[in-house]
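Undergrad: Letter by letter, the chains look like this.
Number of protein chains: 2
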Amino acid sequence: MIIRSLYAVPEKKLDLQGAQGVSRRVPIGRQEQVPNFSFRVFTLEALGHTPYHAHESEHVNYIIRGKGALKDEHGNLHPVQEGDFCLIYPNEKHQFRNLSDSEAFVFICAVMKAYE
Amino acid sequence: MIIRSLYAVPEKKLDLQGAQGVSRRVPIGRQEQVPNFSFRVFTLEALGHTPYHAHESEHVNYIIRGKGALKDEHGNLHPVQEGDFCLIYPNEKHQFRNLSDSEAFVFICAVMKAYE
Numbered sequence: 827m828i829i830r831s832l833y834a835v836p837e838k839k840l841d842l843q844g845a846q847g848v849s850r851r852v853p854i855g856r857q858e859q860v861p862n863f864s865f866r867v868f869t870l871e872a873l874g875h876t877p878y879h880a881h882e883s884e885h886v887n888y889i890i891r892g893k894g895a896l897k898d899e900h901g902n903l904h905p906v907q908e909g910d911f912c913l914i915y916p917n918e919k920h921q922f923r924n925l926s927d928s929e930a931f932v933f934i935c936a937v938m939k940a941y942e
Numbered sequence: 827m828i829i830r831s832l833y834a835v836p837e838k839k840l841d842l843q844g845a846q847g848v849s850r851r852v853p854i855g856r857q858e859q860v861p862n863f864s865f866r867v868f869t870l871e872a873l874g875h876t877p878y879h880a881h882e883s884e885h886v887n888y889i890i891r892g893k894g895a896l897k898d899e900h901g902n903l904h905p906v907q908e909g910d911f912c913l914i915y916p917n918e919k920h921q922f923r924n925l926s927d928s929e930a931f932v933f934i935c936a937v938m939k940a941y942e
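Order-wise, the sequence lines are chains A and B. Those letters in the first sequence? Residues 827 to 942, per the numbering used here, in order. Those letters in the second sequence? Residues 827 to 942, per the numbering used here, in order.
Calculated directly from the structure, the hints in this document are not laboratory data. A couple of the hints might just be wrong.
Because identical chains share one entry, a pair is satisfied inside a single copy or across any pair of copies.
[Stated by the list, open to error] With a Cα cut of at most 30 Å, we get these calculated BS3-like pairs of lysine-lysine:
1. K919 / K939
2. K919 / K838
3. K893 / K838
4. K939 / K897
5. K897 / K919
6. K893 / K939
7. K919 / K839
8. K919 / K893
Using the sequences provided together with the hints, build the complete structure.
TA: Below is the structure:
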């Protein structure tokens, strides 16, 4: 078994078109030889956001900290905060946004390991 | 997409041999037509614990709240708390224990949907 604090996992800035102020950690993933799926953690700086995009892998999310919004495929923003779970289906367009201008927004984003 | 607060998800007592003071929620799972894996949440009452057992499905965990311990296959207890991630490999014997005599211990336990 593996036990790992989020804060012990190295963080990397995400350099991806359409992303702003996003960094990524992988506390449990391919490096740990997961059999099926990986837990990644994204941190959005104040007013940061992920790309507004779609892909074939689903996302299962848990909001660890902060207040943000999840933009749906119609362009509507839905508030999400600590304690919320999200499911984004395959090929569904989406974007996570940090609505705070001062606090970080931190969430788990689980995917099948092929998409880690 | 689905957005769901943990606190809006019905909780069921787990009646399982070797478990004590355990309840279970499934915020994102088969009912939401997950493609691959499910997020379940377990709450252990003060001094509660899951069974000390092994099974073919892996667990990927995130500790949402509280202070507990994860017992490994050798019987050793490893402290786990809010902000920790765990990976339990297939067929690895394990048990989650709440070490507090007053506060709940709450964690995500993700599994492939067949084992939800």
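Undergrad: Output the indices of the hints that this structure fails to meet, ascending.
TA: none
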